[in-house]
Structures are given as structure tokens and as C-alpha cells.
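Undergrad: Sequence:
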Amino acid sequence: MSATAEGPPQTVREPLSDLLIVDTDVHVHESPGALAPYCDMPWKVALEHIRDAAESYLDIPGFSPGVSAGDYQAKFPTTHDAGRTVWTPDQMRAEIDKLHVDIGVLFPDHLLKLPVLTQTDYASALARAYNAWLVDTWTSTERKLLGCIVACPHDPRDAAREIEKYADHPEIVGVYLPCAGLDPLWGHRMYDPIWEAAEAADLPVLLHSVTVTHPVFPFNNHGFDNELARHTCSHTFSIMANVVDMITTGVPIRYPKLRIAVAEAGVSFMPFIMSRLDKEYLERRRECPFLEERPSHYLKDWWVATQPIEEPEDMGDVAKMIELMDGWDRVMFATDWPHHDFDHPMKLDQIPMTDQQRRQLFGENALELFNIDAQGRRLKLRGSVA
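Numbering (the working numbering), first residue to last: 17 to 402.
It should be emphasised that the hints constitute simulated quantities derived from the structure, not laboratory data.
Calculated lysine-lysine pairs in the DSS-like style (CA-CA distance at most 25 Å, straight line): (1) K363 with K336; (2) K316 with K273; (3) K60 with K181.
Remember, it's a predicted structure, so these values are computed and weren't measured experimentally.
Construct all of the structure, not just a fragment, from the sequences and the given hints.
TA: Written out as C-alpha cells, the structure reads:
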């Protein structure tokens, strides 16, 4: 990885509008009605039945169950109530243009909660329908909107077939791994078909979570008194649990060519979890004999999306976090548009960094992860001539 910053950053920077910016986390808005035409029977009937269901923020019964402790407490006006939603590719392109974003990588809204659904066949059918809908209506090299297909954790073999199906699609650049309420965690051997398929397809996998209250660690957040407490912990604790599980079960060792990224957990968790894993490894390394190096050695090869970026009084503290994880060539910009807590590029631009580090953070690192060029075109597709 690259060295830390040498000397102070330049006082005059290239305008954001002139910089290549890849947004590694923007959200489309799938609905029961939108997915129904792409869904297998009998689940198509179930989606048609709730196509007109009242929707609150990422909450549709039978599709994206709320399972939130917030349903049982006093409600106050928040930015959640604004409910910004992006319905069409043209709307998305116009809105992220205003944020100076050149390339957007698409994730779902409601299917962030896919793991909490209890019916395996239904969950898998939803994932297949979403993937088909995404490439049919959303992804576009012309608009520079690229997609991550959903890997349904309920049925890893079916998820592997989906990865194989879209392996050579020019507008699919990754595999989204939902983490909210996931049981078992992504380190379990049952998910090996997903890793095998993603590695063979040369598609990175991206862990992404969301706040839910669910009777599975690390979602035992029902004891918190308010959403401030729940939202502080849920995304990051979920990602940390999965990171620890994947490292201590040897996923990156068994699949050395697999590119792995994490999204929507900020950056501060990574130097912390590196340090804790290394400490435990020095005492208990016999429990993980497949680890030939300290856990941090492997995690330094993972990519980390910035949103929701920490906001200390001194943004130099964020630069220090990136240095602690040796991450100037791994950390990637993300907005989380259009969600209530999205990050504007101007906030990230407050981080003291060199011009080269700035280019890496805003665009170049993402190009490497997704194996795309600055126009959003996939490179070295399977079966293509190098």
C-alpha cells in the first residue's frame, strides 16, 4: 500500500467538478410492483398483493419488514421523514451530477433487509427478480450507472448461479452481500459457493448493512432507548462481526483472488478491528492455523467505502485513521445517496491529503476494485481478448 502523506497537502486543489469521482454506494428504490413482473410464481402473486402497500422508510410488510425497535417508541420529526427516493435512472443521473459524481455503483433499498425474511424460496426469488430488474431498467454504461447483483444468503448455490449468470454482463461490477440480521455470518462454510463463483467471475463482493432490530447478534439492540444509540452501533457492529468471522474462518486465505469490500460503516472500525484481531491472534494463533500472517495483513487488502464518514473536529483525525489501516490505496468515496445521512464530496474534501491520495480516494481506488476504466467500462471480461 502507498506511504502516508509527505508534507502538507496542496493549498489549491483541483475543483471537485474536474476530479474523477466514483460513488461506491448509491441506492435505487425497488418496490413490490416493480419486481413483480420479474418474479417467479407463486411469489409474483405475493408481490402483486402488496404492490399498493403503504410504505415508510425502508419498511414494507412482507417485503422489507421494519423489525425496528423504533416501531415501539415515540416518533419525532427527523430527516428520515423527508424520504428522498430515486425512482428512475434519469433522476439518479441528474441528482448525482449535482454532487459531481461521474460513476455511480447501485445498491438496493428494501433488499438491504433481505436476510430477515424467513422463507428461503421467497428470498431467493426476490434476489433473482431484483437482479433481472436492475440490469433491465437501471444499469447503463452510457449513464455510468453500474450494478451490484444481490447474493441471497438463504440459498448460496442459487446465489452462485446468479453470479455465473451475470459474470460477463458489462454493467454488473460487483456482488452485494446483505448483512442486516444475517445468520450465520458470512464466514460460514455454507457460503463457499458464493466465494467460488465470485472469484471465478472476477467480481468483487461488497458487505453492506442497515439498522434492524433482530434476535441475532450483533442486532440485540432492542435494549437501547432511542434510534441515536441503535444507528450508532448497528451498521458498524454488523460489519465488524462479519469481518471477524470471515478472517477467522479463512475466507481470504481460501480464496486469495477474491476482492472484498465493506460499505456503510465508516472507516474508524477498521484500524480498531485490525488491532484487536492482531492482539488475539498473538495469543490464540493455533485456533487459526491457516493464517500465515497477522489478520491485519489480510485486511489491508480489503477496500473500505467512506460513508458515513466520521466527522471529528479535526478532519486530520480521519487521515490518521486511514494511515493506521495503511489504506490510501483502499479507501473509496461513497455518498449513500439519496438516504438521509448521505455524505457530500465536500465533506471528504476536508481531509488533509496529497493530490495523489485525493485522486485515489475519490476515484482511482474504486476503479481498481471494480476493474473498470474512467468511463465505467469493465476491463478484461471473461472470454475477452486481453
